[in-house]
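First to last, the sequence lines map onto chains A and B. Under the numbering used here, think of the first position of the first sequence as 1, with each following residue one higher. Under the numbering used here, think of the first position of the second sequence as 1, with each following residue one higher.
Bear in mind the hints are in silico, worked out from the structure with no lab data behind them. It is possible that some hints are incorrect.
Identical copies look the same in the list; a pair holds intra-copy or inter-copy alike.
[As the list claims (entries may be wrong)] Below, computed lysine to any residue pairings styled on SDA-like, alpha-carbon distance capped at 20 Å: (1) K296 with P315; (2) K78 with V111; (3) K296 with L265; (4) K285 with A97; (5) K285 with E88.
Number of protein chains: 2
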Amino acid sequence: MTQTASRNTRPESEDPQTLVETLAREARLAQRQLAAMTSAQRAAALHLAADRLEAAAPAILTANARDIAAGEARGLAKAMIDRLALDEARLAGIAAAVRAVADLPDPVGQVIDQSEQPNGLRFQRIRVPVGTIGIIYESRPNVTADAATLCVRAGNAVLLRGGSEAVFSNRAIHAALVEGLVEGGVPAEAVQLIPTQDRAAVGAMLGAAGLIDMIVPRGGKSLVARVQADARVPVLAHLDGINHTYIHAAADPVMAQDIALNAKLRRTGICGAMETLLVDADYPKAAELVAALIDKGCEVRGDERIRLLDDRVIPASANDWDTEYLDAVLSVAMVDGLDAALAHIARHSSGHTDAIVTSDDAAAERFLTEVDSAIVMHNASSQFADGGEFGLGAEIGIATGRLHARGPVALEGLTTYKWQVRGQGQTRP
Amino acid sequence: MTQTASRNTRPESEDPQTLVETLAREARLAQRQLAAMTSAQRAAALHLAADRLEAAAPAILTANARDIAAGEARGLAKAMIDRLALDEARLAGIAAAVRAVADLPDPVGQVIDQSEQPNGLRFQRIRVPVGTIGIIYESRPNVTADAATLCVRAGNAVLLRGGSEAVFSNRAIHAALVEGLVEGGVPAEAVQLIPTQDRAAVGAMLGAAGLIDMIVPRGGKSLVARVQADARVPVLAHLDGINHTYIHAAADPVMAQDIALNAKLRRTGICGAMETLLVDADYPKAAELVAALIDKGCEVRGDERIRLLDDRVIPASANDWDTEYLDAVLSVAMVDGLDAALAHIARHSSGHTDAIVTSDDAAAERFLTEVDSAIVMHNASSQFADGGEFGLGAEIGIATGRLHARGPVALEGLTTYKWQVRGQGQTRP
Numbered sequence: 001m002t003q004t005a006s007r008n009t010r011p012e013s014e015d016p017q018t019l020v021e022t023l024a025r026e027a028r029l030a031q032r033q034l035a036a037m038t039s040a041q042r043a044a045a046l047h048l049a050a051d052r053l054e055a056a057a058p059a060i061l062t063a064n065a066r067d068i069a070a071g072e073a074r075g076l077a078k079a080m081i082d083r084l085a086l087d088e089a090r091l092a093g094i095a096a097a098v099r100a101v102a103d104l105p106d107p108v109g110q111v112i113d114q115s116e117q118p119n120g121l122r123f124q125r126i127r128v129p130v131g132t133i134g135i136i137y138e139s140r141p142n143v144t145a146d147a148a149t150l151c152v153r154a155g156n157a158v159l160l161r162g163g164s165e166a167v168f169s170n171r172a173i174h175a176a177l178v179e180g181l182v183e184g185g186v187p188a189e190a191v192q193l194i195p196t197q198d199r200a201a202v203g204a205m206l207g208a209a210g211l212i213d214m215i216v217p218r219g220g221k222s223l224v225a226r227v228q229a230d231a232r233v234p235v236l237a238h239l240d241g242i243n244h245t246y247i248h249a250a251a252d253p254v255m256a257q258d259i260a261l262n263a264k265l266r267r268t269g270i271c272g273a274m275e276t277l278l279v280d281a282d283y284p285k286a287a288e289l290v291a292a293l294i295d296k297g298c299e300v301r302g303d304e305r306i307r308l309l310d311d312r313v314i315p316a317s318a319n320d321w322d323t324e325y326l327d328a329v330l331s332v333a334m335v336d337g338l339d340a341a342l343a344h345i346a347r348h349s350s351g352h353t354d355a356i357v358t359s360d361d362a363a364a365e366r367f368l369t370e371v372d373s374a375i376v377m378h379n380a381s382s383q384f385a386d387g388g389e390f391g392l393g394a395e396i397g398i399a400t401g402r403l404h405a406r407g408p409v410a411l412e413g414l415t416t417y418k419w420q421v422r423g424q425g426q427t428r429p
Numbered sequence: 001m002t003q004t005a006s007r008n009t010r011p012e013s014e015d016p017q018t019l020v021e022t023l024a025r026e027a028r029l030a031q032r033q034l035a036a037m038t039s040a041q042r043a044a045a046l047h048l049a050a051d052r053l054e055a056a057a058p059a060i061l062t063a064n065a066r067d068i069a070a071g072e073a074r075g076l077a078k079a080m081i082d083r084l085a086l087d088e089a090r091l092a093g094i095a096a097a098v099r100a101v102a103d104l105p106d107p108v109g110q111v112i113d114q115s116e117q118p119n120g121l122r123f124q125r126i127r128v129p130v131g132t133i134g135i136i137y138e139s140r141p142n143v144t145a146d147a148a149t150l151c152v153r154a155g156n157a158v159l160l161r162g163g164s165e166a167v168f169s170n171r172a173i174h175a176a177l178v179e180g181l182v183e184g185g186v187p188a189e190a191v192q193l194i195p196t197q198d199r200a201a202v203g204a205m206l207g208a209a210g211l212i213d214m215i216v217p218r219g220g221k222s223l224v225a226r227v228q229a230d231a232r233v234p235v236l237a238h239l240d241g242i243n244h245t246y247i248h249a250a251a252d253p254v255m256a257q258d259i260a261l262n263a264k265l266r267r268t269g270i271c272g273a274m275e276t277l278l279v280d281a282d283y284p285k286a287a288e289l290v291a292a293l294i295d296k297g298c299e300v301r302g303d304e305r306i307r308l309l310d311d312r313v314i315p316a317s318a319n320d321w322d323t324e325y326l327d328a329v330l331s332v333a334m335v336d337g338l339d340a341a342l343a344h345i346a347r348h349s350s351g352h353t354d355a356i357v358t359s360d361d362a363a364a365e366r367f368l369t370e371v372d373s374a375i376v377m378h379n380a381s382s383q384f385a386d387g388g389e390f391g392l393g394a395e396i397g398i399a400t401g402r403l404h405a406r407g408p409v410a411l412e413g414l415t416t417y418k419w420q421v422r423g424q425g426q427t428r429p
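Working from the sequences, and respecting the hints, build out all of it.
As structure tokens, this is what we get:
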């Protein structure tokens, strides 16, 4: 609380880089205290934070109304205003999500493996928090609570940098959250909202190697691209979800159509949406499949053989195979067998989620083994690419990088490990 | 083999960046083939490589003699020549190490965990190779074989960039290795030695995000610092091993002295060597401990209270607490209890290996929990910080970063995972 007070009296003139570095140093110290708390203590503090979020509903909604008014005055798009807007029900949902994460099993302290050497040395790898996490996000104010909660559950300090559209909402949510956390014994400096909207603060976070251990961007492609390009700190993120569904020759036609329609059209704007459909040349119901997609309002951009199936297919250009539409638009290619499908995916997939539909288990196993994406699926819709659907309880994001964590990243991805070695006086010969 | 031929005929004028990118693309394609081989096939290929290394001994020793002659002509330090020099015994050791890694259990394909959701979707996380690894190393030619072998065992392609002092030795070892691997069905492009000594090739490797998945530098501090500063690709490494041993008040004096002498003096030049000794103010045999170190030829730089123990102690300057000597020099501080030791370590440790000597188990457990280093030890010499000593069979390096892998990194650290999802036609509601 002392340091919170000092932060409030910090001179306005402080440059963003010095500010971010100071906050990160405070966060690192607070993280040591947070890590020394028991799992039950962290969970209890998160429950108090959820209570405070509910109790602060009037203040949060007032702050949110201020953001919305400012957004409308600035002519923000309606979709953006929607993402920004809170009401009693949404706030209750945010508090419920905090409680759900508080009740998730704590990965910290888990023994990953253990062994003993002939000399009697005993080795254990145990999970520990990553440390200090930076979250850089856009309009949705719920990220303030969601991301902070996941970080704290796994013993991490967090520096939150929200979008300027949601500045008052974020401050109100953050204040309520921290009030509850502090009541539960978490140092206030463990969960910090960067107090300036100066864009240089984002650059300072991205450059804070050694002070921030990991950055998670949450937002649109331009935000993620900037973070990936400029960060000197490791980043967990995905840039694109160019996801393929391959309808194998031995696919059940009813299942193939259900999955294709769901993968593309259930929600077209999420990163798990299918963007390219690969239809095997030996799949007997290709024309029906393409027609069903178009009938449901999907624009189909096809290669030459797909165009022969339906007059309404638009010719695909070379770019289409590398495009994430996030809309009711789909590129469709006909492929000659599993090897051709694998080759297309190896060339064009963004490594997020790729699926095969087939009743041939051998083909499915080859696909699951050889496709080198974070998530590979057999007979399921790519729209399941989500930490909640995977049983992880929540997710901080989906990662398409190859190191540390891939696919939906939840509490375990917010931990690392250390080696504990127990001896009885051993010296090395 | 075709591509090897094409590589040999590549024009000399090709710029290093284009060259590295071309080689990395070839490596990525070859990695898919390597990953599709069975574990037994990869192991068998590595045994063939070991055979070829032994059979090529005359050629390798001739090449090595050429490097040594060039090094001596250039006035290379004797220690450097020693690191460079091969003989029949060292070569046999290299081949034996290749066979030992070939026989290690393969992490690829291991199921990390699995679960089933109420909707019937089944989830498995399985280990897969990281992809293409870049190794940037200095004089020791054995790294060519050691690093390549570890990468291939775990299904990774590897781009090797050795030091100019060992260029002929590295080429001869690489040629023998690849001959055996190709005989065993591994594509030649999976194990490549960068064919130019142009330093721009290192820069090209460090910048090859998306083509190289991970860089492991093997060499001195200036090499590691450059790699960490410039890399756009994730790096697994340690810069410093500023390792502490804390002699707690309840340490057994015989054990404390044995461990301190071993941790500092067994080999002073390795990254696991102790660099700072913390002696508790209540430890009764502090003077004897300091005297024993000095008697064994160690220069002791102490704080004020340590200087009172022995006339031969040199005053420590502020820099000493952050210095990795890699020599028979030790900084020694007296600390008032466990909390003071933890605070000193939190401030000065490089996060490599820190140890406590005590017969008080509660103090030991607090130390093992609260010290946030890759390796924490109780009653053991920090010189055990080594993958072989940890039972990992071999190591590609020791990592002090916080993500992906920490401490000794062996085969598992050269893998990542993917999610395999098996359904029966599920679509997301």
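Results of checking the hints against the structure:
For a Cα distance limit of 20 Å, the shortest separation of K296 from P315 inside one copy, 19 Å, qualifies, whereas the shortest one across copies, 81 Å, does not. Taking the shortest alpha-carbon separations for K78 and V111, neither the intra-copy value of 48 Å nor the inter-copy value of 45 Å comes in at or below 20 Å. For the identical chains of this complex, K296 and L265 are intra-copy neighbours only, at 8 Å inside a copy versus 75 Å across copies, given an alpha-carbon limit of 20 Å. In this assembly of identical chains, K285 and A97 lie within 20 Å of each other by CA distance neither inside one copy nor across copies; the values are 43 Å within and 55 Å between.
Within a single copy, K285 and E88 get their C-alpha atoms no closer than 48 Å, and across copies no closer than 66 Å, so neither meets the 20 Å cut-off.
The structure does not agree with the numbered hints 2, 4, 5 stated previously, though it agrees with the rest.
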